[in-house]
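Let the sequences and hints guide you as you build the complete structure.
The chain contents come next:
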Amino acid sequence: MTIQFNEETFRDDYTFKNSDWAIQRFPFPFHEDSYMYSVNMEQHRGGPEGSIYEKRFDVDEHYVAEMRDRAMVLADDPLRCQSLPHMTLAGWDLLELIMVSKSEDYPDLFELHRDGDQWRWVNKPLGIDDTFTFLDETTLPYGPMEYITRQAQGDFCVLDQRDDNLWMDAGTVTTQADWSLDFDIGMNFFEWHAPVPLAHEKGIFVRALKFLLNIQQGSPARRLNWTMTVNPLLDTSPENYHKWGIQKTTITPDNIGQKQHLRVELQTFFRLPRSNALVFPIRCYLCNFDDMMTMPKWGRRLHRVIRDLPEELATYKGFIDNRPMMLDYLAKFDDGLPTSPGIWPDKDSEPPLQA
Amino acid sequence: MSGAEKIDVTVTEIVAVNELVTRFKFERTDGGLLPTFSGGAHTVVEMKDGAITRMNPYSLMSDPMDQSAYTISVRRDDEGRGGSLFMHNNVSVGDKMVISYPVNLFSLDLRAKKQLFIAGGIGITPFLSQIKQMERLGGAWELHYACRNAALGSYVDELLSAHPYEAHVYYDDEKQAIALEELLNGQPVGTHVYVCGPKGMINWVRATTEKLGWPREAVHYEEFLAPQPGKPFEVKLAVSNKVIQVGEDESLLEAMERSGVDAPYLCRGGACGQCETRVIDYSGNFIHRDHWLEDDEHASGEKIMPCVSRFEGKTLVLDR
Ligand code: HEM
Ligand code: FES
Numbered sequence: 001m002t003i004q005f006n007e008e009t010f011r012d013d014y015t016f017k018n019s020d021w022a023i024q025r026f027p028f029p030f031h032e033d034s035y036m037y038s039v040n041m042e043q044h045r046g047g048p049e050g051s052i053y054e055k056r057f058d059v060d061e062h063y064v065a066e067m068r069d070r071a072m073v074l075a076d077d078p079l080r081c082q083s084l085p086h087m088t089l090a091g092w093d094l095l096e097l098i099m100v101s102k103s104e105d106y107p108d109l110f111e112l113h114r115d116g117d118q119w120r121w122v123n124k125p126l127g128i129d130d131t132f133t134f135l136d137e138t139t140l141p142y143g144p145m146e147y148i149t150r151q152a153q154g155d156f157c158v159l160d161q162r163d164d165n166l167w168m169d170a171g172t173v174t175t176q177a178d179w180s181l182d183f184d185i186g187m188n189f190f191e192w193h194a195p196v197p198l199a200h201e202k203g204i205f206v207r208a209l210k211f212l213l214n215i216q217q218g219s220p221a222r223r224l225n226w227t228m229t230v231n232p233l234l235d236t237s238p239e240n241y242h243k244w245g246i247q248k249t250t251i252t253p254d255n256i257g258q259k260q261h262l263r264v265e266l267q268t269f270f271r272l273p274r275s276n277a278l279v280f281p282i283r284c285y286l287c288n289f290d291d292m293m294t295m296p297k298w299g300r301r302l303h304r305v306i307r308d309l310p311e312e313l314a315t316y317k318g319f320i321d322n323r324p325m326m327l328d329y330l331a332k333f334d335d336g337l338p339t340s341p342g343i344w345p346d347k348d349s350e351p352p353l354q355a
Numbered sequence: 001m002s003g004a005e006k007i008d009v010t011v012t013e014i015v016a017v018n019e020l021v022t023r024f025k026f027e028r029t030d031g032g033l034l035p036t037f038s039g040g041a042h043t044v045v046e047m048k049d050g051a052i053t054r055m056n057p058y059s060l061m062s063d064p065m066d067q068s069a070y071t072i073s074v075r076r077d078d079e080g081r082g083g084s085l086f087m088h089n090n091v092s093v094g095d096k097m098v099i100s101y102p103v104n105l106f107s108l109d110l111r112a113k114k115q116l117f118i119a120g121g122i123g124i125t126p127f128l129s130q131i132k133q134m135e136r137l138g139g140a141w142e143l144h145y146a147c148r149n150a151a152l153g154s155y156v157d158e159l160l161s162a163h164p165y166e167a168h169v170y171y172d173d174e175k176q177a178i179a180l181e182e183l184l185n186g187q188p189v190g191t192h193v194y195v196c197g198p199k200g201m202i203n204w205v206r207a208t209t210e211k212l213g214w215p216r217e218a219v220h221y222e223e224f225l226a227p228q229p230g231k232p233f234e235v236k237l238a239v240s241n242k243v244i245q246v247g248e249d250e251s252l253l254e255a256m257e258r259s260g261v262d263a264p265y266l267c268r269g270g271a272c273g274q275c276e277t278r279v280i281d282y283s284g285n286f287i288h289r290d291h292w293l294e295d296d297e298h299a300s301g302e303k304i305m306p307c308v309s310r311f312e313g314k315t316l317v318l319d320r
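Listed in order, the protein sequences are those of chains A and B. If you're matching positions, the first sequence starts at 1 in my numbering and goes up one per residue. If you're matching positions, the second sequence starts at 1 in my numbering and goes up one per residue.
If you're looking for bench data, these hints aren't it; they were derived computationally from the structure. Please read all numbers here as calculations on a predicted model, not as lab measurements. Where hints are given, some of them may not hold.
Claimed, not checked - Straight-line Cα separation of at most 20 Å, SDA-like style, residue types lysine to any residue; simulated pairs:
#	chain 1	residue 1	chain 2	residue 2
1	A	55	B	5
2	B	114	A	116
3	A	210	B	276
4	A	210	B	5
5	B	132	A	134
6	B	132	A	116
7	B	6	A	88
8	B	113	A	116
9	B	114	A	88
Quick look at the structure:
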């Protein structure tokens with residue numbers, strides 16, 4: 001399948017949009033009618049054809065526009081991409097993982113030609129054709145991690161593993177849900193998770209870390225996380241809160257269906273071979289409420305989840321003030337019928353909305 | 001499925017290194033490339049020994065960047081339950097075997113200003129791949145390697161000729177010993193120490209570094225335990241609702257697997273923590289042999305590591 005890349009923006013005039021294809025494959029994150037934090041990890045070994053789970057690194061219609069947005073963020077704020085000196089080898093590991101995966105999974109878009117240490121990388125959507133020496137930084141325009149993450153959707157945290165903990169020692173983070181790499185750099189798993197409510201008490205982070213430390217080469221894992229974003233903004237960083245925080249007050253009953261987006265992160269975990277580091281790609285998918293309501297099951301379920309979500313979570317995720325307006329909108333799509341288990345839309349089997 | 005991903009390989013070379021140690025070379029049976037790995041990683045080798053499938057961890061000693069083949073060195077243990085004897089006596093060139101993806105429980109701290117390696121006997125093997133990694137990437141390192149005598153000093157000649165300044169060898173039979181305190185005191189700030197060898201050596205290095213005030217994070221050690229034989233015992237598995245017998249020559253983990261129970265594991269050598277199992281009830285004595293649980297956990301009777309630990313007594317009920 002060839003992908004038609006959208007001409008669109010994630011700022012200013014916000015021309016971002018999802019095609020019908022993108023809506024159908026949107027990773028709706030709720031497998032039941034309620035939500036609470038849990039250690040929701042599973043193996044990352046493909047998934048249904050066409051779904052965002054199918055490939056190791058999903059490429060979709062937003063690819064080219066997202067990479068343009070990342071370049072703008074990095075031009076304004078170079079600290080969004082950092083790598084402590086001992087993480088260079090992990091950067092090469094990541095470069096190899098992404099180049100190999102993308103060239104195998106999307107041979108019509110990406111090519112990798114290797115002759116010993118001489119590598120040629122062709123990225124057709126971005127018009128790149130570079131030849132370089134593997135493990136020789138001087139042959140690339142950026143460090144290996146920055147080079148490849150300027151060509152891959154989603155944020156990337158590269159974690160060093162030592163002393164039975166993970167350390168945020170490198171990353172490229174321009175599409176984050178209100179946290180900062182520059183603030184978290186050098187922290188460990190418990191330190192950077194400190195702001196999260198309720199999950200510590202439930203022992204979630206102790207169990208999650210144990211799982212992550214044992215992720216092995218060849219056995220990647222994944223989970224979904226979500227939040228809410230007003231306007232299709234990728235860069236909801238603390239650094240730029242003064243620009244986007246205020247936009248949350250622009251929601252009205254008339255524009256909420258278009259402006260309010262569910263923001264879903266597909267988080268994956270891969271052990272990196274040469275460095276024994278762990279990479280944590282966080283891929284962001286946005287879908288506005290109007291588009292989501294075209295799936296009757298998602299309409300019913302989203303209403304119930306948002307209605308019943310504990311206040312601490314709605315506050316932490318930053319939409320407590322807008323929740324009443326969201327519920328007014330969503331209630332119209334909940335007729336009280338039961339929903340089928342699982343995240344998939346089940347369009348053929350779920351009944352349409354009953355008047 | 002438990003354990004790391006598997007790879008089908010063919011044995012392509014067997015070399016007797018000395019009287020006790022033999023080296024095996026594995027290449028992918030399908031002709032493809034093996035994964036790269038990080039220095040210090042091991043692979044778990046599956047051995048079909050009659051009705052029993054043994055799985056033993058061995059450090060990878062080849063160049064981590066060489067994807068054409070892996071090599072391991074196996075020291076013959078005449079008293080053990082036979083994993084190493086099987087490798088020595090029953091494996092021939094051309095045999096097909098199954099090994100696991102590389103797993104690293106002994107990786108280099110890449111922040112270190114210098115890596116100081118201390119090896120005893122067959123404990124040299126993880127350092128062979130770490131040295132190749134250091135040579136490839138650059139960075140200071142030094143090796144101090146104690147062996148019984150020149151005849152049993154695996155890879156001594158290779159190391160001394162390739163790295164005359166970095167490698168130092170000590171022979172027990174010639175009363176040569178590592179001057180550990182002096183060695184440690186002479187290191188630049190930011191040095192990390194790695195020790196692999198017999199239990200006594202590991203304890204010695206850990207105790208000495210502690211005494212000299214080295215930060216705990218700068219001291220790394222690895223000791224794989226081979227499961228030891230012992231008296232047979234009976235175990236009730238509460239979740240699977242089975243009563244199983246653990247034979248003299250098999251581990252509790254192997255007995256569970258033989259009975260069709262998919263029990264978690266990774267290293268099979270008491271080091272990774274994956275196989276940790278809750279004890280529901282017991283009457284008798286545990287023979288704890290792992291490095292994972294703390295002393296108080298061993299004493300509590302609440303947990304057991306089935307890959308290496310055993311039990312003697314009347315009743316043992318596990319949450320598995
Ligand atoms: C090594 C991989 C991981 C990294 C780098 C990472 C990083 C982060 C960061 C930076 C935050 C934002 C904290 C803030 O408010 O400043 C966060 C939130 C969170 N993380 Fe992780 N995380 C990782 C793995 C996990 C795993 C495996 C779990 C499994 C349960 C988890 C659960 C959570 C939860 C529940 C939140 C709150 C999210 C929300 O409600 O929007 N994290 N994580
Ligand atoms: S399998 Fe690693 S400790 Fe038992």
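Checking one constraint from the list: CA of residue 210 (chain A) to CA of residue 276 (chain B), max 20 Å. Satisfied? Between residue 210 (chain A) and residue 276 (chain B) the Cα gap is close to 12 Å, so the pair holds against 20 Å.
Given hint residue 116 (chain A) paired with residue 113 (chain B) - CA-CA distance at most 20 Å: violated, 29 Å
Restraint status (C-alpha distance of residue 132 (chain B) to residue 134 (chain A) at most 20 Å): holds, 17 Å
Given hint residue 116 (chain A) paired with residue 114 (chain B) - CA-CA distance at most 20 Å: With a Cα-Cα distance of about 29 Å, the restraint between residue 114 (chain B) and residue 116 (chain A) is violated, given a limit of 20 Å.
Given the hinted pair residue 6 (chain B) and residue 88 (chain A), is their alpha-carbon gap at most 20 Å? violated, 29 Å
Holds or violated: residue 210 (chain A) to residue 5 (chain B), with C-alpha atoms at most 20 Å apart: holds, 19 Å
Within a Cα-Cα threshold of 20 Å, do residue 55 (chain A) and residue 5 (chain B) meet the stated pairing? Distance ~19 Å between residue 55 (chain A) and residue 5 (chain B) Cα, so the pair holds.
Given hint residue 116 (chain A) paired with residue 132 (chain B) - CA-CA distance at most 20 Å: holds, 18 Å
Is residue 114 (chain B) close enough to residue 88 (chain A), meaning Cα to Cα at most 20 Å? Between residue 114 (chain B) and residue 88 (chain A) the Cα gap is close to 17 Å, so the pair holds against 20 Å.
The structure fails hints 2, 7, 8 (numbered hints given earlier, in ascending order).
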